[in-house]
Amino acid sequence: MSENIDMKRAFLTLAVLAAMTLGLNAGAASFDTLMSDLPRPSAAEVSAPAPVDAAPQASPAAEREWLVLVFINGVNDLGILGFANADINEMEAVGSSDRLAVVVEYGILGIDDNLGRNLQFQRGSKTIFVTRDADLSKITSPVIFNSNEADMGSEANLVRFVKRGLRRYPAKKVAVILWNHGAGRLGISYDDVSKNYMEVDKLGAALSLVKKTLGRKIDVFATDACLMQMAGVAYEFKDYAEVIVGSEEEIPGNGYPYTELLGRLSNNTGMDAEALGSAMVETYGASYNSAATLSAIRTAALPGFAGALDAWVEAVKADPAAFAAATDAGLVASTSRFSQRESKDLFDYLERVEARLPASQPVKEAGAALKAYLSNDLIIKNVAKPAGRKPYTQAKGLAIYIPDSQYNSANYEKLVFTRDSLWDDFLLDMMRERLK
Amino acid sequence: MRLSAIAAGLLICGLNASAGMTAPERLAAYETALSSGDPLAAAAFLKDGEARELAEAEPQKAAALLAKAEALKDLKELLAMPWDDAKANQLNQSLSIRIDTDRPLPKMGIGPEPEKLLTWLGKYQPSYPATKKTVLKKAIRQWEVVFGTMTDTRSLSWGQASMRSGQAVTVTKSAWEGMVIRERNSVIEKMIQADPKFLIYNDERLAAAKSDVAVDVAVRAVINSGALTPAQLAQLSGKTFTEQAYLLGNFFDGSDVKVDPVLKAKINSARGSLPQEVLPAQQRDLLGSMLNTAVARELAGTQAGDRALAAFPGGLKIKVAPLSGGYSSYDPASGAVILDSETIQQYMRMKGYTANSLMGSPAQVAEIAKYMSPAVVYESAHKMQADWAAKQGVYKPHMQEDEIEAMSLEGLYTTEKMRKDAEFDRILTSSRDFSSYAFKTLEVGTEFKTGRSKRFATTVRQRYFSGLPSLDAAASQVLGAVTEELDRRSALTPSEKASIDSTGLNQEEALEMSPAELAGSVGEIQTAVLAKIQSDLSRLGVYKKHYNAAEMENSKALKSLEAGAAPEPGAPKA
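Each protein sequence line maps, in turn, to chains A and B.
Position one of the first sequence corresponds to residue 109 (our numbering), numbered consecutively onward.
Position one of the second sequence corresponds to residue 600 (our numbering), numbered consecutively onward.
These are calculated hints, taken from the structure and not from any lab test.
Heads up, none of these hints are tricks.
Taking lysine-lysine pairs in the PhoX-like style, the calculated list, with each CA pair at most 25 Å apart, reads:
hint : chain 1 : residue 1 : chain 2 : residue 2
1    : A       : 310       : A       : 320
2    : A       : 544       : B       : 857
3    : B       : 737       : A       : 303
4    : B       : 715       : B       : 737
5    : B       : 731       : B       : 715
6    : A       : 271       : B       : 1096
7    : B       : 686       : A       : 303
8    : B       : 736       : A       : 303
9    : B       : 838       : A       : 544
Chain A extracted, bound-state conformation (with noise of 0.2 Å):
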C-alpha cells in the first residue's frame, strides 16, 4: 500500500471554523495549511456500485459472529479522490460471509472521469451489502437501501444505518467504523453538501442510540479519520463501546487495510473484541512504513485512567515545582504533537514533566502510576511508525488537549470528559499562568 499520500485530515470550512473558534470568527488555521507537497494519490478509478435492489430481505439471516459496518462518509474531496471506492473494493475482495457481515453506508462526491475531471454529486447514499469479488475497479456488491436525503454529517443518519445493518443481519459482535475526516476533539464526519458534521458530544448520544438498540456496549468503535483518539474523544464514547479504535495522527487517504483486516476477522470469527481492535492495530502497523499511528483503547479502563490522572493533578498542583514545569510553555511546545497542534501524546508530556523533576516526587510517582495504566491496563495495542514528515516524536496510544494559549470552553466543555476529570481545571491553571 502506497502511503504518505493524502490524509484523512479534517479539511474544515470556514464556517465550520467560525463555529468551533474562541469568541472570534477567524484565527484557526485550516489542515491545508498544515499540509504541503502531498504526493498523487495512487486510488484506482472505479465505478460506483451496480445493481440496486432497495427490497429488504424476505427474512433476517441467521445470527453470524461479526458484524462489521462501515459508514463512509465521501461527500468531500476524499469522494473525489477515489478512496472510497477503493476500500469498498479492498472490503469485496474479502465479503462477507456466512459467520461474518460486511456492510457499508455510501455516499460521496465523485468525478465523471479523469480527463475532464467534472464534478459529480451521487444525491443520497445507498446501504451495501459487501459480497465477495476480484475485480479491484468495480464495486459489485448489491445495494440493499437508497436513501435519497441522506447526510453523511447526521448522527441520526449513522444511527439510521447501524440500526438498519443491526436488523437485517443480526450478530453475535458488532463493529462500527466511521470513515472520514477526523478533527479530534473538534469532530468528525464532514458532508461538504450539507454542511453537516459530528460534533464529539452529539456522536456520543447517537453511538447511546445504538447501545440502547444493541442492549450492550457496541464491540468495536473505530474511527477511520485522522486525529480522533484523544482521551476527550474516548471518555465520550466510554459507555457505548467495549474498544475504541483510532489515531493519534493523520491517516493517510488509503485509510485501513481493509483486504488484510476483513481477511485476519473472515479467517478467525471468534475474535472477541480487544482481539479485533488489536487485529485493526496490527495490519494497519503493517500496511505503512511510516507517518501511521493507531491504538486501540480499552473503554472499562477509561474511568480509571481518569482517576489516575486526577491524582497526578492533584500532585502537580500540589508541588509548586512540578506545576512550574508541567505548565512551562516552552515544555509544552517540546511535547510530541500531531498535525492538530494542541493534541498532544498524553505520555511524552508526562516524561516530559518527569524529567524536569528530582527523583522521589510525589508527582513522579503518580506520573509513573499514570504511564503504567496506560501501558498496562488502557492501551491494548499502539502502533507508532517514524514519524517521517509529521510533527510526532513519539505516540504511545493516547492524545490529550493542552492548548498553547486559549482554552477553547465552547468545544472542550462539551465534553463529558471536562465533568469527569480535573484535566480541565489544569489547563484553567495553566492558560493562568500563560497570562502572567
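With chain A's structure known, arrange chain B on it following the hints.
Just chain B, lined up with the frame of chain A:
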C-alpha cells in the same frame, strides 16, 4: 378531452369556471391541473370541501393530491413575500429545501433543476415583478448571475483534490444546470475559499468576516492609542488579532489601561474567555439551579412570563451548557431549558465578571437572569409545542410555525419588560451593540410590537428561519413520500410487507425525524406508522388550530399591553 377543457377553464378563470361543474368533474380537473403545477387549482382544491370529500373515497389519491396542493400553495406564498436583493440568500435557503430531488414540486415539473422554477413562474405568475425575478435568479444561483459569461469554473480546488496536486475538479455550465440548489451552494462554498468576492452568497460568513474586520479595527485602535505599556505592546507583537484581542482582555482586566469604553466592550465581547471567565461544569450546574429561582422571579407578573412559567408546573428547569449555535435550546428528553454558557460568558466578559464573582453574587446572578430571561420564555414555547404534540400524539417536526409562536411569545415578553423594568431595558440596550443575542432579542421585541402578526410571521420566515420548512412545505413533503411508499407497499407480497413491519422503524423513531429524514426513510418505516403519519398530515387543521390559537393569544396580549401603556383619558388603570 373534456377534462382537459375543464382543466384549462380552471387555469384561466380559477374557481369561477368550476362553479357549474360537478364534484367528480372538478376533482378530475384538479388532478390534471395539479400535475402541471397550477397554483390556482391548488388553492381551489384546498377550499373545495366537496371535491376533497369525494377524493377521500380513494385515500391514497386524496393524500397525493393534498401533498401537491399544499406544496403549490406553500410555493406561491413563499414567492409572494417581499424579496429584495438583500434577502436573496434567505430565499436561496427557502428554495433549497423545496426544490430538490424527491420533493413534491419537481413531481409537478418545478425542479429539481432550479431554472424550472423560472419557467413555472412565467406560465403561472406572468405578472411577477421583474425585480423579484432578478432576486430569484440570484437565489437559485443561475450560472450567468454567479459566473457571468464563463463556460466552466476551470480548475477548482476541493480540499486535497487541489490544483496543487493536479487533481482539481471542473464544473461546467451544463453540469451546473443539472445541479440542485444545495449542490450549487456547495460549489460556491469552495469558490469562497479561493475568492472572497463569492462571500456575498453566504450571509453568515459575510457577517463573520465583517465582524472580524470590526474587531481588528478596534484592536488596532487600542494598540495605537498609546494606552499600552511597552511590555504589553511587546506581548502583542507577532500575534494574530484573535490572540491580541484575548491578551487585551487580560490587560483590561489586570491593569489600569485607559481606553475608550466602547472599544473595550467591543473587544471584550468578541474575544475568547479568560480562564477566570470560564464556567466549568460544576459552576454551570450551580448557576443553572440559581437561575431557576432568579428567572422565575423575572418572568412572574408578565403576560408571556406567566404563560412560560405555567408550562413548567414543577418549576423551571434550567441548565447551562455550551451549545452548538443558538443561545438556548429545549431538551424534550429532560424537560430542561438549556442556556448557552458561551452567551453568558460573553456577558460576563462585557461586565468584567468572573466565574467566582458570579457564584458569590446574587446581584450578578439576578442580572444574568434578566439578560437571559427572554431566551427562557422563547424555549418555554418549544416546551408547550412538544407537550401539545405528545398529547395529540401527532407527528410534529420543527417548523417555521413553531418559531413564529416562540418568537411571538418572546417578543411579547421583551416588549412588556422593556416598558415595565428599567433595569431590564438598561441591561439589554447597553449590550445591543456588542452581543448578537441582545441585538436579536431587542429586534424581535421591536418587530413583534410594530409588525403585527402577519408581518411578524413573514419576518420570522424570511430573516430568522428561512432554511426551516413551513407547515405546508413539511406536510407536502412527508405526505407525498409516505403516500408513494404506501402505494408501493400495496404491490408487495404479504411476506415482504411482514418483513418490513417486523424489522422496520417504529413510531417513536419515525416521529423524531425531520421531514427530510422521514421522506428519505419511508422505505424502512413500519406500514402502520406510515399510515398514522399520513393521517396526521391529512388533517392540517389540527396543527393550524394550535398555531392560530397561540397567535390570537399573543395578539390579544399585545393589545392589552398597549392599552395599558397608553390608557384613554379617564379609563381605569390596566
